[in-house]
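Under this note's numbering, think of the first position of the sequence shown as 332, with each following residue one higher.
Each hint should be verified, as a subset may be incorrect.
Claimed, not checked - Between beta-carbon pairs, the in silico distance windows are:
no., residue 1, residue 2, range
1, 415, 527, 35 to 43 Å
2, 385, 456, 35 to 43 Å
3, 479, 456, 27 to 35 Å
4, 525, 609, 36 to 44 Å
5, 437, 503, 22 to 30 Å
6, 396, 557, 33 to 41 Å
7, 609, 526, 17 to 25 Å
Stated by the list, open to error - Calculated pairs, DSS-like style, for lysine-lysine (alpha carbon to alpha carbon, straight line, at most 27 Å):
no., residue 1, residue 2
8, 534, 433
9, 500, 579
10, 586, 402
11, 534, 462
12, 590, 579
13, 579, 504
14, 590, 399
15, 388, 399
16, 534, 551
17, 399, 586
18, 399, 364
19, 586, 364
20, 433, 529
21, 348, 437
22, 551, 529
23, 586, 433
24, 402, 388
25, 399, 348
26, 402, 433
27, 364, 348
28, 388, 462
29, 402, 583
30, 437, 586
31, 433, 500
32, 348, 534
33, 348, 388
34, 507, 399
Simulated from the structure, these hints should not be mistaken for laboratory data. Keep in mind the model is a prediction, meaning the values are calculated, not measured. All residues carry an ideal CB built from backbone N, CA and C; glycine is no exception.
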Amino acid sequence: MKKLLTLLLFILFIVNKNAIVLAAGDALNIWSKSLFPVLFPTLILSDILLASGVIDKIPNFFYDVYSKIFKTSPYGLFVFIVSVFGATPTNAKILKDLYDSKLIDKNSLTKILSQTIFFNPILILTFSNLKVLIIMWVSNVLTSFILRDALVSESSLKASYNFDFNLNKSIEKNMKTILNILGTLTVFLSLSNIVPIKNPILKTFISGILEITSGFTRIKLYTVSPINDILMLTFTSLASFSIIMQIKSILKETKFDSKYFYTSRILTLFISLLIYLIT
Numbered sequence: 332m333k334k335l336l337t338l339l340l341f342i343l344f345i346v347n348k349n350a351i352v353l354a355a356g357d358a359l360n361i362w363s364k365s366l367f368p369v370l371f372p373t374l375i376l377s378d379i380l381l382a383s384g385v386i387d388k389i390p391n392f393f394y395d396v397y398s399k400i401f402k403t404s405p406y407g408l409f410v411f412i413v414s415v416f417g418a419t420p421t422n423a424k425i426l427k428d429l430y431d432s433k434l435i436d437k438n439s440l441t442k443i444l445s446q447t448i449f450f451n452p453i454l455i456l457t458f459s460n461l462k463v464l465i466i467m468w469v470s471n472v473l474t475s476f477i478l479r480d481a482l483v484s485e486s487s488l489k490a491s492y493n494f495d496f497n498l499n500k501s502i503e504k505n506m507k508t509i510l511n512i513l514g515t516l517t518v519f520l521s522l523s524n525i526v527p528i529k530n531p532i533l534k535t536f537i538s539g540i541l542e543i544t545s546g547f548t549r550i551k552l553y554t555v556s557p558i559n560d561i562l563m564l565t566f567t568s569l570a571s572f573s574i575i576m577q578i579k580s581i582l583k584e585t586k587f588d589s590k591y592f593y594t595s596r597i598l599t600l601f602i603s604l605l606i607y608l609i610t
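Work the whole structure out from these sequences, hints included.
Take a look at the structure:
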């Protein structure tokens, strides 16, 4: 089956080589103008924050409340706060650093990752509205609360830590991450461009499921509210194959629980659409 799928994709790429070239150009344009200027400094900043000891500046009371509510590591609160503004995959990168330093276990990593699938607020407001942004945040929190009894962390206590910041190492490490994002973006943007579908709404849906930025762009061009909002919530809940591949690449050595992660994405989609329809 995999060989057949690979062959079909290869044929599609050959037949649509001009579209692939255009998609690669679009991917480089999105990466250089939208992702790199925002994401790369954010990744560097996350290293600085971890090394600065800012985690300890947050009162323990808030860590304890967070840990008891969601039954996971208290460090999830720090990841949550940073992710609200830093967005995905910044959350995956911070979680990898915490995991490598043995400050969180695999269960906590999985639960916190699933709770913090956020996208840049400016990006959401550019393509949609404040209601969608708030629902995105709230639905992730509610999902984490509903699933709190699964994958309970082995430790709910803060531990001592020591993060050293080296600018050269930080640049090298984060450049690998950002270049991997460019590669993933190019592949899935190419796939979304060659999907042989003419219906604009269906094309937008498929594009957003494959590569979320492409879906956002098509939403602005082809749809109006409430379809716009529903598609935006669908994309931000499911994250897209491109984002999931980026996360898996960053966390490939952690063996996080994919089943829990996918379950949380589907539940988040259901909750976000329910909130939207009743408000």
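- Item | Holds or violated: residue 534 to residue 462, with C-alpha atoms at most 27 Å apart | Holds, at about 24 Å.
- Under the criterion that the straight-line Cα-Cα distance not exceed 27 Å, is the pair residue 399, residue 364 satisfied? Roughly 41 Å separates the two Cα atoms, so the pair is violated.
- Message: Need the status of pair residue 348, residue 388: alpha-carbon distance at most 27 Å?
- Response: violated, 53 Å
- Query: Given the proposed pairing of residue 402 with residue 388, does the C-alpha separation stay at or below 27 Å?
  - Reply: holds, 22 Å
- Message: Check the hint pairing residue 388 with residue 399 against an upper bound of 27 Å on the C-alpha distance.
- Response: OK: residue 388 and residue 399 at ~20 Å, within 27 Å.
- 33 to 41 Å as the expected CB spacing between residue 557 and residue 396, which holds or is violated: Because 36 Å falls inside the window, the suggested range holds.
- Mind checking the alpha carbons of residue 590 and residue 579 for me, to see if they're no more than 27 Å apart? holds, 13 Å
- Quickly compare the C-alpha distance for residue 348 and residue 534 to 27 Å and report which way the hint goes. Holds, at about 19 Å.
- Task: For the pair supplied as a hint, residue 500 and residue 579, confirm whether the alpha-carbon distance does not exceed 27 Å.
- Result: With a Cα-Cα distance of about 22 Å, the restraint between residue 500 and residue 579 holds, given a limit of 27 Å.
- Below or equal to 27 Å on CA atoms is what counts here, so check residue 437 against residue 586. Answer holds: residue 437 to residue 586 is near 8 Å, not above 27 Å.
- Item | Hinted pair residue 551 and residue 529, Cα distance within 27 Å | holds, 17 Å
- Message: Looking only at beta-carbon atoms, does the pair residue 415, residue 527 fall within the given range of 35 to 43 Å?
- Response: The hinted range 35 to 43 Å holds for residue 415 and residue 527, with Cβ atoms some 38 Å apart.
Comparing the model with each numbered hint stated earlier shows that hints 2, 7, 8, 18, 19, 20, 21, 25, 28, 33 and 34 do not hold.
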